[in-house]
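Number of protein chains: 2
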Amino acid sequence: MRKHIFNAGPSVLPVEVLKEASEAVVDLNKSGQSILEISHRGNTFESVVAEAKSLVKELLGLGDDYEVLFLQGGASLQFCMMPMNFLKETETAAYVDTGTWSSKAIKEAKLFGKVEVIGSSKAQNFNHIPKGFAIPKTAKYFHITTNNTIYGTQFQIYPDSPVLYFADMSSDFLSKEIPASKFDLIYAGAQKNVGPAGVTLVILKKELLKKIDKTLPSMLDYRVFAENDSLYNTPCVFGIYVCLLTLRWLKRKGGLKAIGKINDEKAARLYAMFDKHPLYVGHSEKEDRSKMNVVFMLSKPDLENAFVEACSKAGIVGIKGHRSVGGFRASIYNALPMESVEVLCGVMEEFAFRYDGAAVGSGSRQ
Amino acid sequence: MRKHIFNAGPSVLPVEVLKEASEAVVDLNKSGQSILEISHRGNTFESVVAEAKSLVKELLGLGDDYEVLFLQGGASLQFCMMPMNFLKETETAAYVDTGTWSSKAIKEAKLFGKVEVIGSSKAQNFNHIPKGFAIPKTAKYFHITTNNTIYGTQFQIYPDSPVLYFADMSSDFLSKEIPASKFDLIYAGAQKNVGPAGVTLVILKKELLKKIDKTLPSMLDYRVFAENDSLYNTPCVFGIYVCLLTLRWLKRKGGLKAIGKINDEKAARLYAMFDKHPLYVGHSEKEDRSKMNVVFMLSKPDLENAFVEACSKAGIVGIKGHRSVGGFRASIYNALPMESVEVLCGVMEEFAFRYDGAAVGSGSRQ
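Just so you know, the protein sequences line up as chains A and B, in that order.
1006 is the number of the first residue of the first sequence in this note's numbering; add one for each residue after it.
1006 is the number of the first residue of the second sequence in this note's numbering; add one for each residue after it.
These are computed hints drawn from the structure, not numbers from a lab.
The C-beta atom is built at its ideal place from N, Cα and C for all residues, glycine as well.
Any given hint might turn out to be false.
Stated by the list, open to error - When the alpha-carbon atoms are kept at most 20 Å apart in a straight line, the in silico SDA-like pairs for lysine to any residue are as follows: (1) K1325/A / S1036/B; (2) K1325/A / R1046/B; (3) K1024/A / E1021/B; (4) K1211/A / N1233/A; (5) K1187/B / D1165/B; (6) K1109/B / N1233/A; (7) K1024/A / K1256/A; (8) K1119/B / T1220/A; (9) K1305/A / E1354/A; (10) K1211/B / A1231/B; (11) K1024/A / E1025/B; (12) K1109/A / T1220/B; (13) K1109/A / E1232/B; (14) K1127/A / G1332/A; (15) K1093/B / V1122/B; (16) K1112/A / S1223/B; (17) K1024/B / K1258/B; (18) K1215/B / V1168/B; (19) K1325/B / G1047/A; (20) K1115/A / V1168/A; (21) K1093/A / T1220/B; (22) K1325/A / G1351/A; (23) K1024/A / G1037/A; (24) K1112/A / V1229/B; (25) K1093/B / L1116/A; (26) K1024/B / P1342/B; (27) K1325/B / S1036/A; (28) K1256/B / G1066/B; (29) K1035/B / E1021/A; (30) K1112/A / Y1237/B; (31) K1112/B / L1236/A; (32) K1325/A / F1356/A; (33) K1035/B / G1320/A; (34) K1008/B / K1325/B; (35) K1115/B / T1095/B; (36) K1219/B / E1094/A; (37) K1093/A / L1116/B.
Stated by the list, open to error - Across the chosen pairs, the derived CB separations fall in these ranges: (38) K1127/B / E1021/A: 48 to 54 Å; (39) S1329/B / P1342/A: 46 to 52 Å; (40) E1021/A / A1277/B: 45 to 51 Å.
Assemble the whole structure, with the sequences as input and the hints as a guide.
Right, dumping it as structure tokens:
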């Protein structure tokens, strides 16, 4: 009955998390109240926030010099909140443009200061991660989008930054080991690897808070969230609770090293299809391929509907590509089991044999 | 096992809504996907948003000249978003200060323009709704908080406004029939009468959108939410879904007229305790008493702990008052059954007999 969920986000969550969340919606730990009904000011929920914060730091290997905040509004609100807090009219921020989401981040930052786009792959429809760019030492901060959901590209190595280092990690957050302490501020919508839509995580160096010297609306001021332990006003209680359940699951799985290995295997299994069958043509350049979103076209585009149908018959959902690229996108976040990848690869094999007639392709398509 | 939930918000939701939401967390309508896993771009969720919008308008008796938006960030984000969209530096907005939440709304508005507080009950610790104030015809807009959760006061009659009329209805939204078309913009956090924390409803006249002439960050611009049917970015999918379930429940109950009658009865039953037992002293002046939050002290404050204990033994939670007022607060939102009110009244009766010895009090305490 359960589908193979390749949605781009919101997307698949661990079955055991769903089961526990479902029970909590009727009765939270036999408290006689639903997780939807408890006060955000009580001990129960304060413990949820504290444990979730602590697990995020533990998983990322970060110490007490970092603060973890739970906000609302998605990464899209961070696109403006970040420059609103840190960029002044006369100052310049350096951005790398790797697709739709970084383009939106750039657009919002321009409302608050100057933006220098120091690298862009726009001319190639964002099929690679720009390299060899120079980060100006005079920039207020440097910003990257670590994984590009729509185009299926991902920074495999994070360039060094001589200035404050900010990153939108929405779509590969907590999917592998990273040198987290390299960053001054990381933000991520929860709805890919961490939980349901409605929660945004912001992880920032505590000393960064001291650099904010503007008068800001309370709900757009990182200091207010930090001073109030993310409880200045009522947060997305259920969302944060499900994040906690997912973080616990991730720790039980062995943390970032273990999940990174599994994610590598899932991605390798799928990308191998491109080498084997010329019918499948990847969008991203090989070295920048995302381990989270596998984006591909059919070399015979008139077979697209038949491919969607074959997937659908196998219980696969969410495989259609974003309109900016077309084709297909298999999002293979943390909670997607290898079994689902095997089912998709099975469909791809069978489909290639049936419609393309090619048993073995002519090597990589990139 | 289930508690009597008098929380101030998040608070009690209908049992049948919790049950349906719980099932959807494991499997949404036998789709093989959780409500937490579906795309916000698919037909399923677009129907959820469309039906929820339509039900809000139907319940409030509003026509196509109004837009219903689903946002994040709570009423607290609206405190700044509203003036950010509608108030300029040289313009003045008229606010009535009826407690903590309107004070916060005033504070945020001052960041964007001038604020004239035309009525305030601050000197009396917000124990009544100011009356007889004049709304300047030159004001850009007039703002009230219709129900004051912390102080247990509520506008029983909405004064006429010669200018744009904005209202924070967070804690009495959809709790009774109101002349909704009197207002140009209504906003409300969902977590009192409509759903779980994490969803904010904004209902505004479509022509109001044309009055916005500033360049604003996308996520803080009402026009962006209206143009994208609240789906500019990923919204709080689960929260909106539970709002829909609660709105359907409210319609089945008979809508605002029917729920208003039940809420009147629940409030009357509780306030009658004040007249009967001098031990219970209401905070609000009688004519301004809230039908949503019944706030009271004990005339013998040293009995407070014993009262909390008596409530706790009867399965009552969330009865402790807010620190700004002290004493007790019984929040009796739409989903709180009369049965729970009866249990609380039973405790109050028994407690008064045991500790106060007074069978009948000396009339109203106000």
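Status of each hint after checking the structure:
1. K1325/A / S1036/B: 18 Å, holds
2. K1325/A / R1046/B: 12 Å, holds
3. K1024/A / E1021/B: At roughly 18 Å apart (the allowed maximum being 20 Å), E1021/B and K1024/A satisfy the hint.
4. K1211/A / N1233/A: Within the cut-off at roughly 14 Å; holds.
5. K1187/B / D1165/B: Measuring from Cα to Cα gives roughly 8 Å; hence the hint holds.
6. K1109/B / N1233/A: With Cα atoms ~16 Å apart, K1109/B and N1233/A stay inside 20 Å; holds.
7. K1024/A / K1256/A: 18 Å, holds
8. K1119/B / T1220/A: 16 Å, holds
9. K1305/A / E1354/A: 15 Å, holds
10. K1211/B / A1231/B: 9 Å, holds
11. K1024/A / E1025/B: 14 Å, holds
12. K1109/A / T1220/B: Holds: K1109/A and T1220/B sit about 15 Å apart, inside 20 Å.
13. K1109/A / E1232/B: 17 Å, holds
14. K1127/A / G1332/A: With Cα atoms ~18 Å apart, K1127/A and G1332/A stay inside 20 Å; holds.
15. K1093/B / V1122/B: 17 Å, holds
16. K1112/A / S1223/B: 9 Å, holds
17. K1024/B / K1258/B: Holds: K1024/B and K1258/B sit about 17 Å apart, inside 20 Å.
18. K1215/B / V1168/B: 16 Å, holds
19. K1325/B / G1047/A: 11 Å, holds
20. K1115/A / V1168/A: 19 Å, holds
21. K1093/A / T1220/B: With a Cα-Cα distance of about 17 Å, the restraint between K1093/A and T1220/B holds, given a limit of 20 Å.
22. K1325/A / G1351/A: Holds. K1325/A to G1351/A sits at ~17 Å (cutoff 20 Å).
23. K1024/A / G1037/A: It holds: about 18 Å lies between the C-alpha atoms, which stays within 20 Å.
24. K1112/A / V1229/B: 14 Å, holds
25. K1093/B / L1116/A: Holds, at about 17 Å.
26. K1024/B / P1342/B: This hinted pair holds, its Cα atoms lying about 16 Å apart.
27. K1325/B / S1036/A: Between K1325/B and S1036/A the Cα gap is close to 18 Å, so the pair holds against 20 Å.
28. K1256/B / G1066/B: 12 Å, holds
29. K1035/B / E1021/A: Since the Cα atoms of K1035/B and E1021/A sit roughly 18 Å apart, the hinted pair holds (cutoff 20 Å).
30. K1112/A / Y1237/B: 15 Å, holds
31. K1112/B / L1236/A: 19 Å, holds
32. K1325/A / F1356/A: 16 Å, holds
33. K1035/B / G1320/A: 13 Å, holds
34. K1008/B / K1325/B: Roughly 15 Å separates the two Cα atoms, so the pair holds.
35. K1115/B / T1095/B: 11 Å, holds
36. K1219/B / E1094/A: 17 Å, holds
37. K1093/A / L1116/B: 17 Å, holds
38. K1127/B / E1021/A: 48 to 54 Å: Given a distance of about 51 Å, which is inside 48 to 54 Å, the answer is holds.
39. S1329/B / P1342/A: 46 to 52 Å: Given about 50 Å between the Cβ atoms, the range holds.
40. E1021/A / A1277/B: 45 to 51 Å: 49 Å, holds
The earlier numbered hints are all upheld by this structure, with none contradicted.
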